[in-house]
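K.L.:
Using the hints, put the two chains back together into the complex; each one sits in its own frame.
As they're listed, the protein sequences go chains E and B. The letter at position 358 of the first sequence is residue 358 when you use the working numbering, and the numbering goes up by one with no holes. The letter at position 174 of the second sequence is residue 174 when you use the working numbering, and the numbering goes up by one with no holes.
Quick caveat, the hints were computed from the structure, so don't treat them as lab data. Fair warning: there could be bad hints in the mix.
[Claimed, not checked] Listed next, the in silico DSSO-like pairs over lysine-lysine satisfying Cα-Cα at most 30 angstroms (straight line): (1) K237/E <-> K3/B; (2) K8/B <-> K237/E; (3) K175/B <-> K346/E; (4) K8/B <-> K84/B; (5) K266/E <-> K237/E; (6) K27/B <-> K266/E; (7) K27/B <-> K8/B; (8) K84/B <-> K175/B; (9) K136/E <-> K375/E; (10) K175/B <-> K153/B; (11) K3/B <-> K210/B; (12) K8/B <-> K113/B; (13) K47/B <-> K3/B; (14) K68/B <-> K8/B; (15) K47/B <-> K84/B; (16) K210/B <-> K241/B; (17) K47/B <-> K237/E; (18) K27/B <-> K47/B; (19) K3/B <-> K266/E; (20) K175/B <-> K210/B; (21) K47/B <-> K266/E.
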Amino acid sequence: MASTLLSNPMADFAQPEEHDRDLLRFTTAGSVDDGKSTLIGRLLYDSRNVYDDQIESVSKASAGRNAGAIDFSLLTDGLRAEREQGITIDVAHRYFSTPRRKFIIADTPGHEQYTRNMVTGASTADLAIVLVDARKGLLVQSRRHAFIASLLGLQHLVIAVNKMDLVGYDERVFSAIERDFRQFLELFQTLEPFFIPVSALEGDNIVHRSDRMSWYRGPSLLEYLEEVPVEESASRKPFRFAVQRVVRPDHIFRGYAGTIASGEIKPGDTVTVWPSGRETRIASISTWDGELDSAQAGQAVTLTLSDELDLSRGNTIAAADFEPEVATAFRATLVWLNETSAQTGKRYRIKQATHQGWAELAQIEHRININTLEKEAAETLEVNSISVVRIETARPLVFDPYAANRITGSFILIDPATNATVAAGMIDRAVESTHRVSDLPAQFTWQIKDRALVVNVDDPQFAAENDPRTISDPEAADLLQRLLERLHKLSSTE
Amino acid sequence: MTKPGYLKRLEAESIYILREVVAECAKPVLLYSIGKDSSVLVRLAQKAFHPGPIPFPLLHIDTGYKFKEMIEFRDRFAAQLGVKLIVHTNRAALADGANPFVWGTQRCCGALKTGALLEALREGAYDAAIGGARRDEERSRAKERVFSFRDVKGQWDPRNQRPELWNIFNTHVNKGESQRVFPLSNWTELDVWQYIHYENIPVVPLYFAKYRPMLVRGDSLLPIEQPFVPRLPGEEPQMVKCRMRSLGCSPCTGAIRSDADSIPAIIEELTAVKRSERQNRVIDHDQDGSMEIKKQEGYF
Numbered sequence: 001m002a003s004t005l006l007s008n009p010m011a012d013f014a015q016p017e018e019h020d021r022d023l024l025r026f027t028t029a030g031s032v033d034d035g036k037s038t039l040i041g042r043l044l045y046d047s048r049n050v051y052d053d054q055i056e057s058v059s060k061a062s063a064g065r066n067a068g069a070i071d072f073s074l075l076t077d078g079l080r081a082e083r084e085q086g087i088t089i090d091v092a093h094r095y096f097s098t099p100r101r102k103f104i105i106a107d108t109p110g111h112e113q114y115t116r117n118m119v120t121g122a123s124t125a126d127l128a129i130v131l132v133d134a135r136k137g138l139l140v141q142s143r144r145h146a147f148i149a150s151l152l153g154l155q156h157l158v159i160a161v162n163k164m165d166l167v168g169y170d171e172r173v174f175s176a177i178e179r180d181f182r183q184f185l186e187l188f189q190t191l192e193p194f195f196i197p198v199s200a201l202e203g204d205n206i207v208h209r210s211d212r213m214s215w216y217r218g219p220s221l222l223e224y225l226e227e228v229p230v231e232e233s234a235s236r237k238p239f240r241f242a243v244q245r246v247v248r249p250d251h252i253f254r255g256y257a258g259t260i261a262s263g264e265i266k267p268g269d270t271v272t273v274w275p276s277g278r279e280t281r282i283a284s285i286s287t288w289d290g291e292l293d294s295a296q297a298g299q300a301v302t303l304t305l306s307d308e309l310d311l312s313r314g315n316t317i318a319a320a321d322f323e324p325e326v327a328t329a330f331r332a333t334l335v336w337l338n339e340t341s342a343q344t345g346k347r348y349r350i351k352q353a354t355h356q357g358w359a360e361l362a363q364i365e366h367r368i369n370i371n372t373l374e375k376e377a378a379e380t381l382e383v384n385s386i387s388v389v390r391i392e393t394a395r396p397l398v399f400d401p402y403a404a405n406r407i408t409g410s411f412i413l414i415d416p417a418t419n420a421t422v423a424a425g426m427i428d429r430a431v432e433s434t435h436r437v438s439d440l441p442a443q444f445t446w447q448i449k450d451r452a453l454v455v456n457v458d459d460p461q462f463a464a465e466n467d468p469r470t471i472s473d474p475e476a477a478d479l480l481q482r483l484l485e486r487l488h489k490l491s492s493t494e
Numbered sequence: 001m002t003k004p005g006y007l008k009r010l011e012a013e014s015i016y017i018l019r020e021v022v023a024e025c026a027k028p029v030l031l032y033s034i035g036k037d038s039s040v041l042v043r044l045a046q047k048a049f050h051p052g053p054i055p056f057p058l059l060h061i062d063t064g065y066k067f068k069e070m071i072e073f074r075d076r077f078a079a080q081l082g083v084k085l086i087v088h089t090n091r092a093a094l095a096d097g098a099n100p101f102v103w104g105t106q107r108c109c110g111a112l113k114t115g116a117l118l119e120a121l122r123e124g125a126y127d128a129a130i131g132g133a134r135r136d137e138e139r140s141r142a143k144e145r146v147f148s149f150r151d152v153k154g155q156w157d158p159r160n161q162r163p164e165l166w167n168i169f170n171t172h173v174n175k176g177e178s179q180r181v182f183p184l185s186n187w188t189e190l191d192v193w194q195y196i197h198y199e200n201i202p203v204v205p206l207y208f209a210k211y212r213p214m215l216v217r218g219d220s221l222l223p224i225e226q227p228f229v230p231r232l233p234g235e236e237p238q239m240v241k242c243r244m245r246s247l248g249c250s251p252c253t254g255a256i257r258s259d260a261d262s263i264p265a266i267i268e269e270l271t272a273v274k275r276s277e278r279q280n281r282v283i284d285h286d287q288d289g290s291m292e293i294k295k296q297e298g299y300f
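So that you can see chain B by itself, here it is in the shape it has in the complex (with noise of 0.2 angstroms):
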């Protein structure tokens, strides 16, 4: 199938980005999340590096509640394509009893996903991390440049940022600083799909509708994988017919009504589907702006 000459663009748009970071920054690593994004950026790193192979690792941050299914597609994803997968969890926070409904949806994210990141960027020397991270995901995110610096602490100044001008990046840090690059900054959700859709990328299953058990409350199907989420008195899980619209963790990510069983049939979903694409992510809405200040603190 010939690709739309949109995506061509948006394809070698991101190749160069990906070439880029590997001529001129030091140690470089993919921040691998397992979900389309990644999926998609991991083919693009295929593209940009042949007939070599990829020339860095990929790192998955691993808050211990991500879903079973997930770290299945993980681990034979990784095997398959030879590549090295270094897999980072804060134990510490995990052993303390870090969990959303314990510790609160902010305190857990900052522990299990931040810090974890910050400690594996860190204990690696990366200079580096390449993200899938795109504008169009949320509103902060839209002031992103494509190389966006990070001082000592991992930290974002969104007031602060280089001036990104053509297609020539500014790569140079100081030892402890670094740099998160994000090749799919302009990307949209839908032309993730119809890439994964022409290039025939294998992606989570979690992403194509099927009966799952949930608690359903109201507009909300909440996933039950983790046995300490709470349930209302007399509740029980039903199975209803559903599927990931993002993944993350499981306690914290809300599933969607779908039939959408295939990658036409999601593509087809998209295009009438009047919510945004992070609006099952509890961590989005803990308080106001929080992709904002999470990122400031050395989010993704």
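So here's chain E without its partners, still in its complex pose (with noise of 0.2 angstroms):
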């Protein structure tokens, strides 16, 4: 097999085999003198994934730095801070393919802002390699990714390795390192880990099978990449289908666009639509392409069905026979990326597969160490942090746990305030419902000043939408205070 890896990656094109390749997604990890630029820069090269006049450029930077004739890691490191400062900054993707795959690399940054970076880049791969620095043998980061990835719900671990060439090759400093990763990795145990010795400097391993570590008789880094099995079992889980759009282009045609979360699904097949809870049938399975006969996870279509019930956006259709958890209550680990800290009461904007609405930060349980694993006392969410939360929110959510679906059991979080994504979670379980949180866009106040109506929102993003605040509109105004007067009564009431 090595052999097809020296052709040209692309040169296959009008083969047959073209049909069967497929996509893998993996992300990278490691500390800053890790190499990881440089193991990633040598798979692209050595891969012969990238052209001349991109290693011209990198050639002549790397002219005032410290590397051999060409630095690799500069083929990776694309904003101007990067290459100056000679680190990487912010989550990046790659491209790469073989006759047998492609790639997607999300390359993410070990120094600061690791676990924000890291948890972005796993949270859409099917795989991850953590470097470890053969020197420096099991560190408390690389057990830190290793944990990520597990949190994250990846099912492969490819542990490399590297700068086997500063330790004369010897395979007892390999054999050491994998004996510790191992037992840390039980404590994970959806974790399949593979290790690999490696010089990403030296090009060992990585692309082509290494004749200095006659020791070592497993495959290469890319070889392992083209071989592992990309999980395909989305398909073998219960239907999910999140409603994206409401697809109305006549009087005659009702459809609810989306892409399929995990399932199959055929014209006739009984399904629950929710949060109502209803039951309907599958009508149709329309595309562009025409109607399709089945579809499955992953597929973009629009479905109609044999009932005419009211869905909108947010709600989902799911398999009659293994009803998804409905609930305004659950238990969640929740993984905070902003630099502003989160305390229990705030509220804030929640996203999950396609609903949106306001969520709560009811409880927090304890506060994960992602050195130790030990659970601490917290009273606050701070940057980078992983705890156990219970959140509650004002609608109901239609969800599966995230170790049973990736992509119905994930949500993040929005601050109102700023607009920015401040939380990542993944949903444990439901949970008892305590108190009501209000669905209402935010607390908002009103006065009545010289025969004109002015409210008060305390939400810019509704402030913005609805300027100017002012109604001089005296009819207007008095509408619009009945109304708001009504509003707020029903939802003190209730």
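P.N.:
Below, the structure is given as structure tokens:
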């Protein structure tokens, strides 16, 4: 197989295997000096996925820095500040392909904001590569990376023990690291680890198997990435479909556009729509390419139903025999992404699948120390912290536990004051609701001034969209005031 | 023809993104550049909103220096599609004599592209501008989000981007702020051509090789559509079999020598090619990190 890598990766376009070529998304993590950028640069270069002018531009740029003839890390560090400072700032995406697979890399920096960046990279990945410096062995951050990969539901973890050239390609060094890491990984039953000794700088076991480590009989890193099975079980899970848009081009057609999160569907299948819980059947699966006899996880389609049910965006169509959870209170693991910390009682916008509404951070059960994995008491959520919390929502959420379904079990929180994405959450399970969260857009007050109604809304989004906030037409002001009073009464009595 | 699995996955991802824009943004617009990526984007929009029409207008920023064949293709394409096409040009700058040879490429691009784009977005009060940019095109684009926030001046702050997790996009902006949305973020140049091939999508004939008059300067082939392109003493255009790998303004887009006169031939050529796609774009190389700087200022 190694010989196929020598051919041009794109050269087999016309061959029939093209139809089977699939996609593997992986993320890479490591700390500042682990040589992660060098590893990716080497992977791209040795698999012939780098163009000549790109090599020329980094050969030029690397003349002033201490690296070999080509500084492979410069192939991946995209922003000027990164090249100047020799660091990686943000998650970067890379693309390459071989005759067997297409790959998307989410390359995450290991230094500041490591948790935030790695969680982001891992959220869309099938596999994670963790780099370990052979001279340093298993460090706290290696454990942290493994924990985050497990938390985000990845199945495959590659531990690339790098810089083997600096330890004389010694098998004992590699074996000791593997032994230590395997012991630690027993905590995460769902992760399948794979260990490879490499030298990114020298190119050992990256694309080509190294003859300097004959004691290692496994595949090179690229060979492993080409062979590892990509998870296709999403189609075998219960059917889930979040309505993205209601499609009504005319009086006859009423369809629901969305992407199938899991499972398979055929016209005639019995389904339940949520949160109403009403049962109906799939009438048709419509696409621009024609009607389909069946569709499965990952496909973007438009469904029509055999009954006139008034579904809207955010509703879920699910397999009738496997009901999703429907609740306004749930327990979740929350990764805090924002510099502004959070306290209990604060309200955020929540986005889960295609549903958007209001959520309250009701309770912080504990924080997880990501270095020791111990539970700690916490009053607030700080940036890069991972905590187990209880969240209450204004409207019921239709979901599955994250461990069962990465799409229906994940959510983000948005700060209504800044519009920033402040948290990423993974739902554990529904819990008893203790109080009701208001689904009014925000706190607001109003007053009559000179026969005009002045509304003060504590929500910049709402205020921005509804400028000007002073309604000077007395008739409109009067009508709005009565409406507001009624709304207020409704929300406080319910 | 059945598309390979990875193309189906990319297609579905892009359709999902387009539907999210329309579901959550108040006034989206599709930035139509007439190039191959725009052609793919429009096909994906047809698929995303079927059986309804494409629910947003197409906006073309016409610098006035686009190839004639591009403009002809654009008008034919929009008419066949029955979609609303808005064309915006910075006439004031053109009247002031803006051209890359007199103003320099940085200032010329700043006025005719970035300036015109920001003006058109402001005039239309669009809160989401959908574009065909891909992360594999240029290294600063590798760090771009799918939903990329722009402040009231239309500017990008690469060090202060919103985290983007799973397929959950945060579309919230305040009045005057906007987002650029890139449904083709995860596509590569080859993916785009393969999709065009499998889907039989029409593209501008400039992508196909034929004999065209060019100024030949070493490895560079310069089109001579605009009369102001300066010539060296005694220099005459030669007929060269060539094609455009990416399309921009004719004075700043070099052609490449090529025999590829069909889509399969282009794909075959790409598999052997040694230079990256934007290598023939003068404006990417006018300063270090030039795409990054242009993007921060509001360029696509």
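K.L.:
Of the hints stated earlier, which fail here?
P.N.:
Violated hints (numbers, rising): 6, 12, 14 and 20; every other hint is consistent with the structure.
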